[in-house]
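Colleague: Sequence:
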Amino acid sequence: MIINSLSNITNTERDVDWGNGKSRRLLIEKDQMGYSLTDTIINAGTASLLEYKNHLEACYCVEGEGEVVDEQTGETHIITPGTMYALDKHDKHWLKASKTMRLVCVFNPPLKGNERHSLGGDSSAY
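Mapping of the sequence shown onto the working numbering: position 79 corresponds to residue 79, and the numbering continues sequentially without gaps.
No lab work stands behind these hints, which were simulated from the structure alone.
The beta carbon of each residue, even a glycine, is placed where N, CA and C say it ideally should be.
Keep in mind that the hints are not guaranteed to be accurate.
Said to hold, decoys possible - In silico DSBU-like links for lysine-lysine, alpha-carbon gap of 30 Å or less:
id, residue 1, residue 2
1, Lys30, Lys99
2, Lys96, Lys112
3, Lys89, Lys112
4, Lys53, Lys89
Said to hold, decoys possible - Here are the computed distance ranges between Cβ atoms for each label pair:
id, residue 1, residue 2, range
5, Thr73, Ile3, 24 to 34 Å
6, Asn8, Gln72, 37 to 47 Å
7, Gln72, Pro109, 17 to 27 Å
8, Thr83, Lys53, 19 to 29 Å
9, Pro81, Gly45, 27 to 37 Å
10, Gly74, Asn11, 24 to 34 Å
11, Thr12, Glu75, 20 to 30 Å
12, Met33, Asn11, 32 to 42 Å
13, Asn11, Gln72, 33 to 43 Å
14, Asn11, Asp70, 27 to 37 Å
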């Protein structure tokens, strides 16, 4: 059985500042669950162009407000507490937070734990 908490991972290698927020990685590849589980913060007023070429991701909003925009189609979806979105086609997307958002995210295959976004270029991908 694996038990973990935010207080256990704060200020460790699992507490990742990704540029526009924090990714607190509760489960990673070495935990051998077959997926990763993160508690992710997206800072208010930020917009991030993201694409996960090596992972599928599902996110469930528990706090805050924002939107996810499909980069290819321009389709915009409002994200509020209780909303889930899944990037089932490795979708390139904008994640925009009008209020600080908190998402619970699952990645498959799992994150190794050392992945970082690079927000200065076209889009961040890992």
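Colleague: Look at each hint and say if it fits the structure.
Modeller: Verification of the hints:
| no. | hint | verdict |
| --- | --- | --- |
| 1 | Lys30 with Lys99 | violated, 33 Å |
| 2 | Lys96 with Lys112 | holds, 25 Å |
| 3 | Lys89 with Lys112 | holds, 21 Å |
| 4 | Lys53 with Lys89 | holds, 9 Å |
| 5 | Thr73 with Ile3: 24 to 34 Å | violated, 41 Å |
| 6 | Asn8 with Gln72: 37 to 47 Å | holds, 39 Å |
| 7 | Gln72 with Pro109: 17 to 27 Å | holds, 23 Å |
| 8 | Thr83 with Lys53: 19 to 29 Å | holds, 24 Å |
| 9 | Pro81 with Gly45: 27 to 37 Å | violated, 19 Å |
| 10 | Gly74 with Asn11: 24 to 34 Å | violated, 39 Å |
| 11 | Thr12 with Glu75: 20 to 30 Å | violated, 37 Å |
| 12 | Met33 with Asn11: 32 to 42 Å | violated, 23 Å |
| 13 | Asn11 with Gln72: 33 to 43 Å | holds, 38 Å |
| 14 | Asn11 with Asp70: 27 to 37 Å | holds, 35 Å |
Of the numbered hints given earlier, the model fails hints 1, 5, 9, 10, 11, 12; all others are met.
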